[in-house]
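**Q** With the hints as your guide, set chains E, V, D, W and G with the ligands onto chain Z.
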Amino acid sequence: MKKIEAIVKREKMEDVKAALNKLNVNGMTIYQVMGCGNQKGWTEEGMEDLNILPKVKFDIVIDDKMAEKVIDAISEAAYTGDIGDGKIFICSVEQAIRIRTKERGNDAL
Amino acid sequence: MKKIEAIVKREKMEDVKAALNKLNVNGMTIYQVMGCGNQKGWTEEGMEDLNILPKVKFDIVIDDKMAEKVIDAISEAAYTGDIGDGKIFICSVEQAIRIRTKERGNDAL
Amino acid sequence: MKKIEAIVKREKMEDVKAALNKLNVNGMTIYQVMGCGNQKGWTEEGMEDLNILPKVKFDIVIDDKMAEKVIDAISEAAYTGDIGDGKIFICSVEQAIRIRTKERGNDAL
Amino acid sequence: MLNTGDISFMLVATALVLLMTPGLAFFYGGLVRRKNVLNTIMSSVFVMGLASVMWVLVGYSLSFSGNTGGFIGNLDWAAFRNVGLEAGPYANSIPHVLFAAFQMMFAIITPALITGALVERMRFKALIIFIFLWSVIVYYPLAHMVWGNGGLLAKLGSVDFAGGNVVHISSGVSGLIAAVVLGKRRGYNMTKYHPHNIPFVILGGMLLWFGWFGFNAGSALKADELAVHAFMTTHISAACAMLTWVFIEKLKTGKTTVLGAVTGAVIGLVAITPGAGFVPIWAAMITGALVSPICYTFITVVKDKFGYDDALDAFGCHGIGGVWGGIATGLFAKTSINSVAQWDGLFFGDTRLFAAQIVSILITILVASAGTLICLKIVKLFTPLRVTDRDEQEGLDISEHGESAYPSFVGLD
Amino acid sequence: MLNTGDISFMLVATALVLLMTPGLAFFYGGLVRRKNVLNTIMSSVFVMGLASVMWVLVGYSLSFSGNTGGFIGNLDWAAFRNVGLEAGPYANSIPHVLFAAFQMMFAIITPALITGALVERMRFKALIIFIFLWSVIVYYPLAHMVWGNGGLLAKLGSVDFAGGNVVHISSGVSGLIAAVVLGKRRGYNMTKYHPHNIPFVILGGMLLWFGWFGFNAGSALKADELAVHAFMTTHISAACAMLTWVFIEKLKTGKTTVLGAVTGAVIGLVAITPGAGFVPIWAAMITGALVSPICYTFITVVKDKFGYDDALDAFGCHGIGGVWGGIATGLFAKTSINSVAQWDGLFFGDTRLFAAQIVSILITILVASAGTLICLKIVKLFTPLRVTDRDEQEGLDISEHGESAYPSFVGLD
Amino acid sequence: MLNTGDISFMLVATALVLLMTPGLAFFYGGLVRRKNVLNTIMSSVFVMGLASVMWVLVGYSLSFSGNTGGFIGNLDWAAFRNVGLEAGPYANSIPHVLFAAFQMMFAIITPALITGALVERMRFKALIIFIFLWSVIVYYPLAHMVWGNGGLLAKLGSVDFAGGNVVHISSGVSGLIAAVVLGKRRGYNMTKYHPHNIPFVILGGMLLWFGWFGFNAGSALKADELAVHAFMTTHISAACAMLTWVFIEKLKTGKTTVLGAVTGAVIGLVAITPGAGFVPIWAAMITGALVSPICYTFITVVKDKFGYDDALDAFGCHGIGGVWGGIATGLFAKTSINSVAQWDGLFFGDTRLFAAQIVSILITILVASAGTLICLKIVKLFTPLRVTDRDEQEGLDISEHGESAYPSFVGLD
Ligand SMILES: Nc1ncnc2c1ncn2[C@@H]1O[C@H](COP(=O)(O)OP(=O)(O)O)[C@@H](O)[C@H]1O
Ligand SMILES: Nc1ncnc2c1ncn2[C@@H]1O[C@H](COP(=O)(O)OP(=O)(O)O)[C@@H](O)[C@H]1O
Ligand SMILES: Nc1ncnc2c1ncn2[C@@H]1O[C@H](COP(=O)(O)OP(=O)(O)O)[C@@H](O)[C@H]1O
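Residue numbers (the numbering used here), protein chains in the order written: chain Z, 1 to 109; chain E, 1001 to 1109; chain V, 2001 to 2109; chain D, 3001 to 3413; chain W, 4001 to 4413; chain G, 5001 to 5413.
Chain Z with its partners taken away, still in its complex shape (with noise of 0.2 Å):
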């Protein structure tokens, strides 16, 4: 399993999880974080302090098989080709478990 951690626009939310869902990519965290890459937080409307910019941060844990996939449809939906687009990492996962039916591993996602 892979943990595919996408950080995007805030505005850009609803067309994120409108395209993991087109996947049938149900499970997701959300949460909301500040950040900054090489943009600097410079000219962008809507940054909260020098150089730090309010984002929205999507943690997947999802099958191998379905990571490109993934990856491919947050890279569309986030994109606007203005800097401050956003960024993914990925890394693996080694064990999940659904709480409510112990379930492990793939069936736990």
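It cannot be assumed that every hint is accurate.
[Claimed, not checked] Cross-link-like lysine-lysine pairs, in silico, BS3-like; alpha carbons within 25 Å at most:
id : chain 1 : residue 1 : chain 2 : residue 2
1  : D       : 3125      : G       : 5255
2  : W       : 4192      : E       : 1022
3  : V       : 2102      : Z       : 22
4  : Z       : 65        : V       : 2102
5  : G       : 5192      : V       : 2022
6  : D       : 3255      : W       : 4125
7  : E       : 1065      : E       : 1022
8  : D       : 3125      : G       : 5125
9  : G       : 5255      : W       : 4255
10 : W       : 4380      : D       : 3255
11 : E       : 1102      : V       : 2069
12 : Z       : 102       : E       : 1102
13 : W       : 4250      : G       : 5252
14 : D       : 3380      : G       : 5250
15 : E       : 1069      : Z       : 102
16 : Z       : 102       : E       : 1022
17 : G       : 5255      : W       : 4252
18 : G       : 5255      : D       : 3380
19 : D       : 3125      : G       : 5250
20 : D       : 3250      : W       : 4255
21 : G       : 5380      : W       : 4250
22 : E       : 1102      : V       : 2065
23 : G       : 5380      : W       : 4255
[What the hints assert, rightly or not] Non-contacting residues of chain Z with respect to chain V, defined by C-beta distances greater than 10 Å in every case (computed):
id : residue
24 : 10
25 : 21
26 : 34
27 : 55
28 : 63
29 : 95
30 : 103
31 : 104
32 : 105
33 : 106
Simulated from the structure, these hints should not be mistaken for laboratory data.
All C-beta atoms, glycine included, are put in the ideal place defined by N, C-alpha and C.
**A** Using the frame of chain Z, we list chains E, V, D, W and G with the ligands on its own:
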């Protein structure tokens, strides 16, 4: 070392904390997130937006040997049997540092 | 690539940011969390609830070679010598994508 | 003859009624989701500008100057021509302008009340046009019919001390009709809409209570015994309604909520509005005590059955509460308290006032529903009523106003 | 004879005093942790319903009608029987009902003040029963003793212009006793309780200041020179107390806080309450300037030593501030300002008023403590005083009311 | 002779003007970033203490007692010596103390207005010393020149009903000068400063509107026709300005904002302040309707060109709005409305009042700028004006006051 990420119902926060303390696990990081699983947010009280519910996430970095115990403790404490009980993800952590003492590895947990 | 997760005191946020900028590390994601370590939250000012304190968490994905430098910089910037100084965790990241350019790997950081 | 005590009181009462509209804005604003709070507040606040200007230009005149067939006034006082600082004609101890100013505040809050039924989905432009039209087509005629010289409903012998018909029934019914036409919010029945900031709801509710003293006691137009009487009936009705609402909640759900306490107080104020200067204090207690079970049942049972989305219960509270208030006035009014009432209420054995109240409520409902439908028809000629689905999802603060209420508080929604 | 100016003023003053209770609700609500804000606000808001209804039914009568042994009134005016719109008997230029309404607002805010000592742990049901009993056992007798015809404390020759004994000492002392019986909050001494929303504290404090003009100036019961005098002493005492509190903070901690400024203002208002219509303006400045060091010392030194958990310092502010205010009145009152005082204060060489003040303070403390203990004993027959440990941990908003104040703001606690 | 109606009205008006300062505190507090909200609120709230005490000790006397060369009063009324409860000398139907109290509230809000230009970077200690000096060097002289017996600007024949010069131009200009001297905020031009809590801005704006009735109508010093007239002109100017501001926004950006609506209302209130009791109602509508385009242009075009950092537009709103108000008074005043004006306005063919208004505006600007520069020079002898860069970055709540407004809401900044 393992990092255990557990996403549970908000009202279960105190129970999970208590369960961890019972295992003598004192190190943890907690934050509030929004999320959906297969549940898709349809029925539960407390949903904020279509299809996305507030949850609490625990990040716990722990010695490999303790991992299973912690998983079990959380699974039990967070269990209600209803949809939306939450998930646990495990991945591996390479290093840990306690800033105050510069200790590394398991000593730092 | 490595992901460095550093949980530090709130009042150290600006210092840590400055230290990272000095290393020319501009990419980072910041959010506020609650946490406890062995400190258990007993004595410090600013505690919210028994045993759980507000902290700031930095996630920094970085080239392997830079990792140690970043860790040192954070350790130093966040250090006060008091209990509650925080922790740093490192894990490995498999891939990074910059959404705007579709660059991958170290180029995307 | 002008009297400084009366002027003093009416100046303050007028300011108090103005304060009710921001109170309402916070009451409503706290009840919506965070992404719609500014749009909701703006819907009330903007009316403070729009309705005031309209009132000076034509509204006051259409409501209170002359009489055209019992339905509406004329334009003799347009732009406050002939509205001067001498006493009369509607109040003999305060300047004419002050009476007009006091009434202006009612013309502000009434359309603002409607917006509670329409939040979280109505296009702001459509709302503005709607309120413009509604003021002309519904409010000014109703104000004339009830309070204007030669007005139809007054002639019938029905009474309305501070606006049960004009303000509450009219806005509540119009809200209902408009909510039905507008359709349900996205996710209705699938999702629960949480108030995003309950302290704001409480703040708003408390400002409403505070301002309502100006609204009801001020409707005596003098600092006299009648004002004092209305002050007391107003307060005690709110208090009783709060207690009964909380009591019902406790019975039904086992928990008492502060939202319930405030809602109870507000509908207690609504219910006593038409009768504040007509009914005895004990009757005010009954009026207040009964409005909660009536509205509670309505909101939890009847509304669910019909399944329209009166988002913040403008109809359930103001419409139903206002109707009950009008009926209660017909039951308990006493000519000895206020001789504007020609007959005692049903409870004292006379049916005439009661009948007049019922008829006047029905006419009000008719005027409000028909007028609202006409207004909406006209609005649609200019702009769609609803925002797009996408905009609704993103929230009207951003999509309609490009603003975010608390931009640095993280949290989604 | 009724006077429109006086009626006008007293109507507004009454409304202003009502507004103080929501002001207090926000003052207290901002000071607690986020998970307890609604319970805290509800504790004040609900009293607006409960105490009002009780006042009309029995409270006014027990406080002001007749005289039973100097301790309490009788039931002649129960349910406002014989309480009409003619002038008198307590105020000769406003309707009787208006006097009763004005006094009603005092009967609301006083028990609400107590709740500041009890927040974050008291079961809501127990609180309601407690307030019900306390009104009957402590408030009505005290109001009678101080302000009622033939009341004991008035007979002694002690004076209390706007409620230093009746409102502040009584609520502060009762809060202390109840806090001790109730026990400390979870985590007391181990954890720091942060105010969750300081702007709300400020909002509440400012509404209190605003409303206090009605409270103190309104206690003249006329729009006359005495009202003006009380207005000025009230304001300047608050201003002085704010300055000295901030000054002490600066000395002690090096930082001035807005919480300190507002606290200072509020205790300045408390301290001047009994003397507002008795002491000269310069004495009001002294009264205000000294209340801050007195309360500051008390809260930071004495309270810590005893280690009881008066959560929001109801005793430290209202109890201690009220006692100081009563003493200051005994020091600085002048019969030439208000001939209700039979003697000048100690500062002007006469010991009689001073002695009477001390005695009346002691009696008030006695009545309040004994009464509170009795009330709590009775409450315990019906329900435990505290919520469970688990409920306290989860927060009383959820556990007692099933509500969350800001559900979409993330953040834990 | 004292009149209860007038006393009643002026007591309430005085309380209303006091309420404006907390209103302003919330208006400003909502507009700054979260890390500076308490410092911003404290800047207004603390003035409620400081300016009140100064007023009683010396301010009232320096402003209103005697006359020293047309510029300032003397110390005969210091510490309210000879300021008693009899009528006069400035108002013949209310106690002298009440007039002094009413004026005190103006001496509070004026320096508080300045702070809007200085937020997010000024050292609190420096601010306090500045306000202390500014009251003495700028405010008391200006109040004397405009309203005091024998004051220079009154002698010129210029008029200022409720403080266009004394309050708004003086504070706006002083804010501008101080903002320039102080320098820009960290990150100016690179970053956008978002209001952290727009509902608070609205709350503050609405309290300002409510309180402004006391400010303007109260400036009649009686509950008479003039007060009623000023009430109406005040309200309608605010309403018109709101409409035009929102209209301009819609034209320029395509979106209407609630921030714009509230800003419009506030500057509409500013603009009508000097003329409220002098100009006809229709002229009040024009005054209000035009202030929005004037201030909007100024804030979006002129300010950007000069590039100073008047953080919350104290100058753009109060300075520019006040100047326009003074001019509008010179255009539209009528002696028949208020014979304090010796001549009709330019619009009615007489140039004398208009000329006097221009001269008096220029003198006000001169006094305010020179005075502010002097004050700042003196302040610098004691303490640096700005906080350190590090403190500014961390936010002034923590660095200056050691407090955090909402400690348990997560979110950075
Ligand atoms: N190296 C990194 N480590 C962690 N988070 C990052 C990193 N780089 C970027 N981010 C996150 O991604 C968000 C968007 O980055 P962006 O500004 O689009 O980057 P760039 O300008 O490099 O394309 C940032 O606000 C930050 O939260
Ligand atoms: N695949 C996933 N990736 C990331 N987070 C997930 C995933 N699945 C579930 N979650 C998180 O776990 C929470 C609880 O999931 P839940 O609704 O109980 O899942 P399910 O219905 O599949 O049992 C969700 O709200 C979400 O935050
Ligand atoms: N084992 C752990 N897993 C996850 N987070 C941890 C762990 N230990 C500590 N933390 C986080 O680091 C923060 C600081 O820890 P701290 O109290 O300084 O630890 P210690 O007392 O062990 O030095 C905590 O508030 C918590 O958020």
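**Q** Hint check: residue 1069 of chain E vs residue 102 of chain Z, CA-CA at most 25 Å. Holds or violated?
**A** Holds - the C-alpha atoms of residue 102 of chain Z and residue 1069 of chain E are around 14 Å apart, at most 25 Å.
**Q** Please work out if residue 4192 of chain W and residue 1022 of chain E have their alpha carbons no farther apart than 25 Å.
**A** holds (24 Å)
**Q** Checking the smallest CB distance to chain V, is residue 106 of chain Z really beyond 10 Å?
**A** holds (18 Å)
**Q** Is residue 3125 of chain D close enough to residue 5250 of chain G, meaning Cα to Cα at most 25 Å?
**A** holds (11 Å)
**Q** Within a Cα-Cα threshold of 25 Å, do residue 3125 of chain D and residue 5255 of chain G meet the stated pairing?
**A** It holds: about 10 Å lies between the C-alpha atoms, which stays within 25 Å.
**Q** Are residue 3125 of chain D and residue 5125 of chain G close enough, with their CA atoms no more than 25 Å apart?
**A** Distance ~47 Å between residue 3125 of chain D and residue 5125 of chain G Cα, so the pair is violated.
**Q** Does residue 5192 of chain G pair with residue 2022 of chain V here, judged by a C-alpha cut-off of 25 Å?
**A** Holds, at roughly 24 Å.
**Q** Would residue 21 of chain Z pass as off the interface with chain V, using Cβ distances and a cut of 10 Å?
**A** At about 19 Å from chain V, residue 21 of chain Z clears the 10 Å cut-off, so the statement holds.
**Q** Just to be careful, I want the Cα atoms of residue 65 of chain Z and residue 2102 of chain V compared with a cutoff of 25 Å; is the pair within it?
**A** holds (20 Å)
**Q** Is residue 3380 of chain D within 25 Å of residue 5250 of chain G, Cα to Cα?
**A** Roughly 20 Å between the alpha carbons, so the hint for residue 3380 of chain D and residue 5250 of chain G holds.
**Q** Does residue 1022 of chain E lie within 25 Å of residue 102 of chain Z when you go C-alpha to C-alpha?
**A** holds (21 Å)
**Q** Does residue 102 of chain Z pair with residue 1102 of chain E here, judged by a C-alpha cut-off of 25 Å?
**A** violated (38 Å)
Checked against the numbered hints above, the structure violates hints 8, 9, 12, 13, 17, 20, 26 and 27; every other hint is satisfied.
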